[in-house]
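Residue numbers (my numbering), protein chains in the order written: chain A, 1 to 334; chain B, 1 to 334.
Wrong hints could be hidden among the right ones.
Identical chains blur together in the list; that is why a pair holds if it fits in one copy or across any two.
When the alpha-carbon atoms are kept at most 27 Å apart in a straight line, the in silico DSSO-like pairs for lysine-lysine are as follows [stated by the list, open to error]:
1. Lys12 with Lys304
2. Lys333 with Lys41
3. Lys12 with Lys26
4. Lys258 with Lys221
5. Lys221 with Lys178
6. Lys178 with Lys325
7. Lys41 with Lys26
8. Lys258 with Lys328
9. Lys304 with Lys221
10. Lys304 with Lys178
11. Lys304 with Lys26
12. Lys333 with Lys258
13. Lys26 with Lys325
14. Lys26 with Lys82
15. Lys221 with Lys333
16. Lys333 with Lys12
17. Lys41 with Lys178
Hints in this document: simulated from the structure, not taken from any laboratory.
There are 2 protein chains.
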Amino acid sequence: MNFSTIRRENNKVIILAQTRLPSEEKYLELDDYRDVIEAIKCLDVRGAPAIGIAAAYGMALAVEQTGRTEAEFINEVANCFKDSRPTAVNLFRAVDRMLSRFRQLPNNDEPAVLEALWSEAEAIHEEDRRMCRQIGIHGAELINDGDTILTHCNAGALATGGTGTALGVIYTAVEQGKRVRVYADETRPLLQGARLTVWELMRAGIEVTLICDNTAGMLMKEGGIDHVIVGADRIARNGDFANKIGTYSIAVLAGYHKVPFYVAAPASTFDDQTDSGEQIVIEERSAEEVVEGFGDRTAPAETKVYSPAFDVTPFELVNCFITDKGIKPGGRKD
Amino acid sequence: MNFSTIRRENNKVIILAQTRLPSEEKYLELDDYRDVIEAIKCLDVRGAPAIGIAAAYGMALAVEQTGRTEAEFINEVANCFKDSRPTAVNLFRAVDRMLSRFRQLPNNDEPAVLEALWSEAEAIHEEDRRMCRQIGIHGAELINDGDTILTHCNAGALATGGTGTALGVIYTAVEQGKRVRVYADETRPLLQGARLTVWELMRAGIEVTLICDNTAGMLMKEGGIDHVIVGADRIARNGDFANKIGTYSIAVLAGYHKVPFYVAAPASTFDDQTDSGEQIVIEERSAEEVVEGFGDRTAPAETKVYSPAFDVTPFELVNCFITDKGIKPGGRKD
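With the hints as constraints, model all of the structure from the sequences given.
Structure (C-alpha cells):
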C-alpha cells in the first residue's frame, strides 16, 4: 500500500487521520496515549483490526510517555483503551494480550517493560499483516475473472494493519491477474465507503463505483453483483456477527437474490465469550453524525435520530467466513 | 397544513423551495413558466402529484406571461414540461389534460384560454387534495392505535396538492385519535426523508425518528416496525411500481420480516400505457448529488457514481395499494 494506516516511528504512534479523508492525507504524530484513545473514539483510526493495533501501540506509548510501569497504571490505561469503543472484539483481545505480556515480565524495570510492550504491539501488527495476506489468499479462490463485488463500509488497508479483510481478498484477486469491479456502498452516516474504500481502491487502480446504500438491492435485482464481501467487528460462537450498520440489510438482500455473501475476518474476530449475536453490545452514535456530518444541517433542529453504529447478521445469511485459517462454512445453503 | 407546497396567487405560481428545507421556508413567486420547469428539474417542487400540479399551473402561467395562445406554442410548452422529469406518470397526465382542455376551446381568445387553463390547473389541484383525503381515509383503516410506521422519501403534503399519500394515511390516522410513531428513512442522496418528511411531521406534532436508509432492516428485525407505507411515481399495469431509490430494498426487507408493505398512491399513478416495471424509464441523477450534496466533498475527485433516482418494486412484494378509490390488493400473500 502506498499509505500507512498506523505505525510506530521514533517511539511515537503515527496514525493516518481517516476523518480527514478523502480531502487530506494527514498523519497524526501522537506522543500522548490519551490522543490515541481520542483517535479511536473520533474514528481517526477505525476498523476492528486497526483499533486493536492502535490500542496495543497506545499502551506502549503510555509507558514511553510517563515512565510509569506499575501494574495499577498499566491496568488503568488498559481499561481506558477498552472503554474507547464497545463493539469490536479485536480491541479487547489486543489490550488483554498486552496486559498478559506485561504480567509475564519478571520485574517492572522501565526499559524492559518498554521493550516488551513495543515489541508485543509490533508483533500484533505483523500478525495482522500476515492475517490479511492469508485472508486474501483464501478468499481470492472464490473470485473469478470478471466478477463484480459489492462491499460495505471499509474493510481494507485502512481498517487493518495490512491490506484489509474484505478488500484484502480483492487486492489478492487482482494481483493474481483477475479483473474485478467493485461497487462500494457509501455507508451512512460516516461514509466510510465513499471516503475510505473508494479512496484506497482508486489508489490501487481498481475499478470502483460508488452507490448509496439504498441502491444495493436494485443492483442485485439487475444481476449486477456476483458476490458480497464484508468485514466483521465481532463473530459470536453461533456464527452471528456484528458489522457496520447496513450489513444485515445487505445480507437479507443477498439471500433474496441468491448472491453469495462472504464475511472476511481474522480468526481473532471470533469471540468465544459471546454465545450469539444477541449478546453483542451495539454502540449508538450521535444524532449530529446523521444530520450535520458533512457541512450543511440536513434535518430540522431537535430531530430525534436513531443511529446504531453496527447491526448483527445471523449465521444463516452467511455463505462462508473467509479467515486467515481458511474458509469456514456459514449457515446459508444455496 | 400550515404551509403551502404550491398555489396560484395573483396569477403567479408560488412554490415552496423544497431544496432550501429544512433550514429556510422560502416561497418562490414565479411569473415565468420556464422557472416552473426549472423548479421541477432542480427539485424545488417534487413528488409525483405535486409535479403534475406544478406543470398544470405552469402551462397557464405560460399564457399569462406571453399572451400567446396558438396551438404551436401551447404544444411546445407542454413538451418542455414533459421533458422536465421522466419517471412520474402524473406529470404527463396533467400536461395531457391541460392540452385536452385547450383543444376543446372553440377559439384561441386569450381571456378564454387563460380562464380555461387556470381553472383546469386549479381543478387538478383540487382533485389532488380530495384524492389525498380519500387515500387517508382508506389507508387509516389499516392503522391501529399505537402502531409504528416506516416511510421512505417524502410522500406527504410536500409531495402533493393536499396532505400527501403515504403521510396522508398517517395524518388521517392521527386525526382519528390513533397514536402513531413514524420512522423516516433519510433517503439518500437528496435526503427528502430527513429534510422534508421529518420537517412536515414535526410541524404536525407527530412523533418521528430519523434513521439512515441502511438501518431499516435492523429495525424490522428487532420488531420495531408494524407497517411500511411508501408512495409511488408510476404503477404499471401488472402492479410493479417505481418509487424513490431504496424502496425496492425496503420491500424485500419487509417481505423477509413479514412487515406489511403498502403503497399509497392516487388512481392517476396507475399507468395503463406501461405493461410492467421493466418499461418504466428510470432517471439517473448526477454524481455531485451523492458526493457533494450537502457541503463537504465526501469522495475522491473523479469518483465514478451510479445514482438512479428510482427503482422498481414488483407487485409480488406489495401487500396492498391504498388509492383514493379504495384498497387494491397487491401480490404479497401473508
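Comparing the hints with the structure gives:
Proximity of Lys12 to Lys304 under the C-alpha cut-off of 27 Å is found in neither arrangement, the shortest distances being 41 Å within a copy and 37 Å between copies. Neither within a single protomer nor between protomers do Lys333 and Lys41 lie at most 27 Å apart by alpha-carbon distance, with minima of 38 Å and 46 Å respectively. Within a single copy, Lys12 and Lys26 get their C-alpha atoms as close as 15 Å, which meets the 27 Å cut-off; across copies the closest is 53 Å, which misses it. For a Cα distance limit of 27 Å, the shortest separation of Lys258 from Lys221 qualifies both inside one copy, at 10 Å, and across copies, at 20 Å.
With identical chains, the CA atoms of Lys221 and Lys178 are at most 27 Å apart within one copy only, with a shortest distance of 24 Å there and 37 Å across copies. Proximity of Lys178 to Lys325 under the C-alpha cut-off of 27 Å is restricted to the intra-copy arrangement: shortest distance 23 Å within a copy versus 55 Å between copies. Taking identical chains as interchangeable, the C-alpha atoms of Lys41 and Lys26 lie at most 27 Å apart only when both belong to the same chain, with a minimum of 18 Å there against 39 Å between chains. For the homomeric pair Lys258 and Lys328, the shortest alpha-carbon distance inside one copy (19 Å) is at most 27 Å, but the shortest distance between copies (30 Å) is not.
When the C-alpha separation of Lys304 and Lys221 is checked against a cutoff of 27 Å, the pair qualifies only between copies, where the shortest distance is 21 Å, while the shortest distance within a copy is 33 Å. In this assembly of identical chains, the alpha carbons of Lys304 and Lys178 lie at most 27 Å apart only when taken from different copies (21 Å versus 46 Å within one copy). Taking CA atoms no more than 27 Å apart as the test, Lys304 paired with Lys26 passes between copies only; the shortest distance there is 24 Å, against 34 Å inside one copy. For the identical chains of this complex, Lys333 and Lys258 are neighbours both inside a copy (10 Å) and across copies (21 Å), given an alpha-carbon limit of 27 Å.
Within a single copy, Lys26 and Lys325 get their C-alpha atoms no closer than 34 Å, and across copies no closer than 60 Å, so neither meets the 27 Å cut-off. With identical chains, the CA atoms of Lys26 and Lys82 are at most 27 Å apart within one copy only, with a shortest distance of 26 Å there and 49 Å across copies. In this assembly of identical chains, Lys221 and Lys333 lie within 27 Å of each other by CA distance both inside one copy and across copies; the values are 20 Å within and 21 Å between. Taking CA atoms no more than 27 Å apart as the test, Lys333 paired with Lys12 passes in neither setting, with 48 Å inside one copy and 62 Å between copies.
In this assembly of identical chains, the alpha carbons of Lys41 and Lys178 never lie at most 27 Å apart, being 37 Å within a copy and 42 Å across copies at closest.
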